[in-house]
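S.K.: Protein chains in written order, with full-length UniProt numbering: chain D, 1 to 518; chain P, 1 to 326; chain Y, 1 to 318.
Quick caveat, the hints were computed from the structure, so don't treat them as lab data. Take the hints with a grain of salt, since some may be wrong.
Straight-line C-alpha distance at most 30 angstroms; calculated DSS-like pairs for lysine-lysine [unchecked claim]:
no. : chain 1 : residue 1 : chain 2 : residue 2
1   : Y       : 199       : D       : 366
2   : Y       : 308       : P       : 115
3   : Y       : 199       : P       : 210
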Amino acid sequence: MSEFILQMKNISKTFPGVKALDDVELEVKHGEVHALVGENGAGKSTLIKILAGIHKPDAGAQFFFEGNEIEINKPNDATMKGISIIYQDLSLFPNLSVAENIYIGQDSHKRSWNKMNWKKIKNKAEDALNELESDINPNSVVEQLSIAQQQLVEIARALAFDSKLIVMDEPTSSLSSDEVEKLYKVINKLKKRGISIIFISHKLRELFEVSNRFTVLRDGKFVGSYVANQTTEQELIKMMVGRSVTYEKNQSKTEVGETILNVSNFSKKGNFKDISFDLRKGEILGLTGLVGSGRTELAQAIFGVSSPDTGSVKLFDKEISIKNSEQAVKHGIAYIPEARQTQGLVLEQSIVNNISLPVIKKLRNKFKLINRKKEVEIADEYVKTLDVRPPLPELNAEKFSGGNQQKVVIAKWLSADPSVVIFDEPTNGIDIGAKTEIHKLIRRLANDGIGVIVISSELPEILAVSDRILVMRKGRISGDLGVQEATQEKIMNYSLEGSGNVKTNQVANHSDEVTQEV
Amino acid sequence: MKSLLRQKEFSIFAIIVVISIILSIVSPAFLTIGNLLDVVEGNVVMGILAIGMTLIIITSDIDVSVAAITTAVAVSVGALFSYLPDSWISLAIIFLIAPVIGLLIGSVNGLLVSKIQIPAIVVTLGTLNIINGLVLYFTNGRYLNSTNFPKSFLSFSNVEIFGIPILIFILVFVAILTWYILKHTFIGRSVMAIGGNQQSSIRVGINYQKVKLFVFAYMGFLCGIAAIAQTAYTKAVDPNGLLGLELTVIAAVVLGGTNIHGGRGTIHGTLLGVLLLALIQNGMILARIDTFWQNVVTGAIIVFAVSYDHISYKRQQEKLAKIEVA
Amino acid sequence: MKLSKENILGLIALGTFLLMSLIAPGFLGSNNLTNFLFQLPEFGLLALAMMVVILTGGIDLSITYVAALSGVGAALMLTSGFSIIPAILVAILFGVACGAFNGFVISKIGVPAILVTLGTMVLFEGVILAITKGNSISGFGDTYSLIGNGYYMGIIPLPILIFIFFIVLTAILLNKTSWGRSVYMFGNNDVATHFSGIKNSRVLMKVYLYVGLLAAISAIIMTSRYNSVKVDLGSAYLLQSVAAAVLGGANIHGGYGKVMGTVYAVIIFQTISNGLNLLGAHSAIADVFIGGVLILVLTFNFFSDKFKRKKETQASTA
Numbered sequence: 001m002s003e004f005i006l007q008m009k010n011i012s013k014t015f016p017g018v019k020a021l022d023d024v025e026l027e028v029k030h031g032e033v034h035a036l037v038g039e040n041g042a043g044k045s046t047l048i049k050i051l052a053g054i055h056k057p058d059a060g061a062q063f064f065f066e067g068n069e070i071e072i073n074k075p076n077d078a079t080m081k082g083i084s085i086i087y088q089d090l091s092l093f094p095n096l097s098v099a100e101n102i103y104i105g106q107d108s109h110k111r112s113w114n115k116m117n118w119k120k121i122k123n124k125a126e127d128a129l130n131e132l133e134s135d136i137n138p139n140s141v142v143e144q145l146s147i148a149q150q151q152l153v154e155i156a157r158a159l160a161f162d163s164k165l166i167v168m169d170e171p172t173s174s175l176s177s178d179e180v181e182k183l184y185k186v187i188n189k190l191k192k193r194g195i196s197i198i199f200i201s202h203k204l205r206e207l208f209e210v211s212n213r214f215t216v217l218r219d220g221k222f223v224g225s226y227v228a229n230q231t232t233e234q235e236l237i238k239m240m241v242g243r244s245v246t247y248e249k250n251q252s253k254t255e256v257g258e259t260i261l262n263v264s265n266f267s268k269k270g271n272f273k274d275i276s277f278d279l280r281k282g283e284i285l286g287l288t289g290l291v292g293s294g295r296t297e298l299a300q301a302i303f304g305v306s307s308p309d310t311g312s313v314k315l316f317d318k319e320i321s322i323k324n325s326e327q328a329v330k331h332g333i334a335y336i337p338e339a340r341q342t343q344g345l346v347l348e349q350s351i352v353n354n355i356s357l358p359v360i361k362k363l364r365n366k367f368k369l370i371n372r373k374k375e376v377e378i379a380d381e382y383v384k385t386l387d388v389r390p391p392l393p394e395l396n397a398e399k400f401s402g403g404n405q406q407k408v409v410i411a412k413w414l415s416a417d418p419s420v421v422i423f424d425e426p427t428n429g430i431d432i433g434a435k436t437e438i439h440k441l442i443r444r445l446a447n448d449g450i451g452v453i454v455i456s457s458e459l460p461e462i463l464a465v466s467d468r469i470l471v472m473r474k475g476r477i478s479g480d481l482g483v484q485e486a487t488q489e490k491i492m493n494y495s496l497e498g499s500g501n502v503k504t505n506q507v508a509n510h511s512d513e514v515t516q517e518v
Numbered sequence: 001m002k003s004l005l006r007q008k009e010f011s012i013f014a015i016i017v018v019i020s021i022i023l024s025i026v027s028p029a030f031l032t033i034g035n036l037l038d039v040v041e042g043n044v045v046m047g048i049l050a051i052g053m054t055l056i057i058i059t060s061d062i063d064v065s066v067a068a069i070t071t072a073v074a075v076s077v078g079a080l081f082s083y084l085p086d087s088w089i090s091l092a093i094i095f096l097i098a099p100v101i102g103l104l105i106g107s108v109n110g111l112l113v114s115k116i117q118i119p120a121i122v123v124t125l126g127t128l129n130i131i132n133g134l135v136l137y138f139t140n141g142r143y144l145n146s147t148n149f150p151k152s153f154l155s156f157s158n159v160e161i162f163g164i165p166i167l168i169f170i171l172v173f174v175a176i177l178t179w180y181i182l183k184h185t186f187i188g189r190s191v192m193a194i195g196g197n198q199q200s201s202i203r204v205g206i207n208y209q210k211v212k213l214f215v216f217a218y219m220g221f222l223c224g225i226a227a228i229a230q231t232a233y234t235k236a237v238d239p240n241g242l243l244g245l246e247l248t249v250i251a252a253v254v255l256g257g258t259n260i261h262g263g264r265g266t267i268h269g270t271l272l273g274v275l276l277l278a279l280i281q282n283g284m285i286l287a288r289i290d291t292f293w294q295n296v297v298t299g300a301i302i303v304f305a306v307s308y309d310h311i312s313y314k315r316q317q318e319k320l321a322k323i324e325v326a
Numbered sequence: 001m002k003l004s005k006e007n008i009l010g011l012i013a014l015g016t017f018l019l020m021s022l023i024a025p026g027f028l029g030s031n032n033l034t035n036f037l038f039q040l041p042e043f044g045l046l047a048l049a050m051m052v053v054i055l056t057g058g059i060d061l062s063i064t065y066v067a068a069l070s071g072v073g074a075a076l077m078l079t080s081g082f083s084i085i086p087a088i089l090v091a092i093l094f095g096v097a098c099g100a101f102n103g104f105v106i107s108k109i110g111v112p113a114i115l116v117t118l119g120t121m122v123l124f125e126g127v128i129l130a131i132t133k134g135n136s137i138s139g140f141g142d143t144y145s146l147i148g149n150g151y152y153m154g155i156i157p158l159p160i161l162i163f164i165f166f167i168v169l170t171a172i173l174l175n176k177t178s179w180g181r182s183v184y185m186f187g188n189n190d191v192a193t194h195f196s197g198i199k200n201s202r203v204l205m206k207v208y209l210y211v212g213l214l215a216a217i218s219a220i221i222m223t224s225r226y227n228s229v230k231v232d233l234g235s236a237y238l239l240q241s242v243a244a245a246v247l248g249g250a251n252i253h254g255g256y257g258k259v260m261g262t263v264y265a266v267i268i269f270q271t272i273s274n275g276l277n278l279l280g281a282h283s284a285i286a287d288v289f290i291g292g293v294l295i296l297v298l299t300f301n302f303f304s305d306k307f308k309r310k311k312e313t314q315a316s317t318a
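Let the sequences and hints guide you as you build the complete structure.
M.R.: Now the structure itself:
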């Protein structure tokens, strides 16, 4: 028998205009946890989708499972061989029961008219859940479960399929730290049963904790496979990005001016509570905290996308009422959302149309018709000053890379001449070079006198760009620090429950993830 | 969610009860077995079509060609009648051929939606135009009365079992069959799964093109049965008799709690929706409300029901988005 | 030179027109051509209206009943002795009011348009029935009948002038105003417009108000031409207008659609039904053709897209 449970060889994948994968290989041993690492866009998910049978590789690809060559042409092929894939957004049916979710998909091509054997289905689900020591009721409907429980249902599904290899794509991205610990236990249990796991994550510390070996991809190319305890984090980062990366902590001494924005007593049920803060001219206010601590909800309430139950906003010492995003824009408040492609841009429209969207009413001539010439001029100008590439403003937004798309979103809001700009995870999914560029841009705005709030989970990013840092925990502001006194540990203390007595390894776990979250 | 769904169907049921109480006070004729059976029998066609439409809407598609398909099958059956002998064999032939014709037409819809990936509303608008045009061309809009019908068919349509008209049994049969398919077969669960999350269904290897083809083909099959029911009920073939029925059918399904966003819907909910619309109509006749006001009431109820449903759907989504606040 | 979708459609329209002039006797006769120009606008206006709704990813199933209700409004005024200006105003008022009702439920409550208009189509039909008791109202006087039957300067049918005016107006509104821009952007991604300070509900509301207006104009032409109004005024145009908008290139999911595409599609449909009529074909055959053309064109699109994608992939592999 082969040493490897899975071997993928000569994997290339060409999409129209892009070579997403170029002669990549992946070899996973029996019973190991194998981490697949690389920057965003390195080709990890394309590789997984090829394994899943969702993308077809270019000619020449070879797959071996337990030593035998196999064909993967359509979604169920891998599953039938004993490979399960757990996607980041899960593949569950919210309207069906846990038991059904575990069962569904098993030789679905044969049994259209077969009766559902409910007893067998329920037993099988119960067995799988028991094995995971889970007390989830197989009869409950999936949409009633928490994300962590839903993930467990997926793992149970893999067990019920008798999977020998489970792929987990960013499994910890929406779990709390307790839940992550529990997931590690489950992974260890699977390992003991001889099940191999391919683990994909951005959080390098996490990878070192669970995995035996790494395969590194960069720009669609295979960099190498390494044994975990013979590699350091810095080495790994270097392999991922091709050079070593660290952010400098912000040292700039900014002159803090008048108060631009004052938020007081902001509360919204089920979102955030008693939020008050000032934003002053020339300063960048960092807003951080764990995912789900209410940061985005707060920002969107200031921007008028949702309305708070109580509280008031003052702009330049004048109380303003913001009931919707239109009023926010009128008052000069801009919000750059995290979900660039769904909330920030209209992908099917040109850069020009996207940039002019918030100010379209100001670009009208005396007949109330859009002045196309002026519109194009503005777009041209921003494409030049922000160095958007390719510099083709008539091209649709979908044709640009993540970093350039982000520049377009920023351009769109600069055209609105804002006095306050709120950035929500401004460098999420952007490659490292573009990240520093975006950081510089943010600093430039602050120097021009715009009030800037930056929301980020990446602590080094927060430390690199902010002058002052607000930390949120469970919908409240739990910490307010100047950048000079702030450290990753301190911020983590404020982010986590029972601040003051956080276990050190936990802190390390969360605080360091940043440097590596490339 | 399950309890909420139950609630939803329960609230339709409650409305039905309230309306029934009001109607029985207004008109003593309402709460008679005769009247109630008439109401149900008169809506068998709508019920059969609504049951098929439920599956389609669960997969978050729509089919506006159902009335046209039913008419097309009825016209074909009518044409066939003059060649058929007056024996029980004719009856068997009709029951064999009508569903098959419907199934074939439905499969065309299904293929265009699943394989060619044209949006269902466009496909079924197209087939609706084509079928209606052909029906009009071949019949010239002429009404076909029962003189040419085989006697066996006429006597079949008058059969009553325990005093209940045979057509009601057909509806019950269709309802139980579809309920069974939806609830207890793999293809039925796939229908639910696709409506719940189409991407997941592709990932777990459910052949969603096949499932889409199935729901449209099954819809066609039920149109065939509905055509028999319609012909038996009216004892005639009227090429214009069902014009616009597809919209009432959709309304009944939506009233019955099936969500246009897909993934939710039950056969008994749909039957309650049909019953609700039927009772309103019957009640207004009994209450001697000008027939011209019936549409106003029906329309208002539909607008109200879909708005109410949407508001509660939104509330529920909002609740899911909430986070823990210390 | 690469032809746009709309230009290709224009060529198809021209081709159909030439074909019919060759095979249909009397197609080019002045009688028939004026007839053609009198019939086209009422359908064309409804198709334009439907296209605007489809741009937002919606559909308006109540559109022909909105038109009929507007027609009833005008008819009631005229038969009660008012002159044509108040009658026209009331028709427009009725149309816009119906649009406002649809718009309110769709934009403020957020219910999918297909469901709302499904309900309001039954509702408006009911209102018309309640007013007319199912009868037709007729006899509107000579001045009113000029709108649908008269000529400008003795040669150009008035309805076609009205239609051209609204083609231009719609094109300007959609392409040159901030509302029009928002309609397209909304149709592509309503979340992004919401996050860009666009008030989605106002954009949608205006869409349905405009649809109400166009339906009312169409109704005025129809009532004037027929000199009578009934509940089913223009009801045959419901599905045809959706078909025309889709054939005209509008994306049923929203975000794409051009005024000229719809106009060409309307011309194609009208040419086919007019030509078939002259050829002595049963009137119903036109419906079959229209449905067939719709499905064939979309099937063709599907395969040509597939082919194009394949070529692109091959090109980039090479």
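S.K.: Now tell me, hint by hint, if it's right for this structure.
M.R.: Cross-check of the supplied hints:
no., hint, verdict
1, Y:199 <-> D:366, "22 angstroms, holds"
2, Y:308 <-> P:115, "18 angstroms, holds"
3, Y:199 <-> P:210, "41 angstroms, violated"
Consistency note: the structure conflicts with earlier hint 3 alone.
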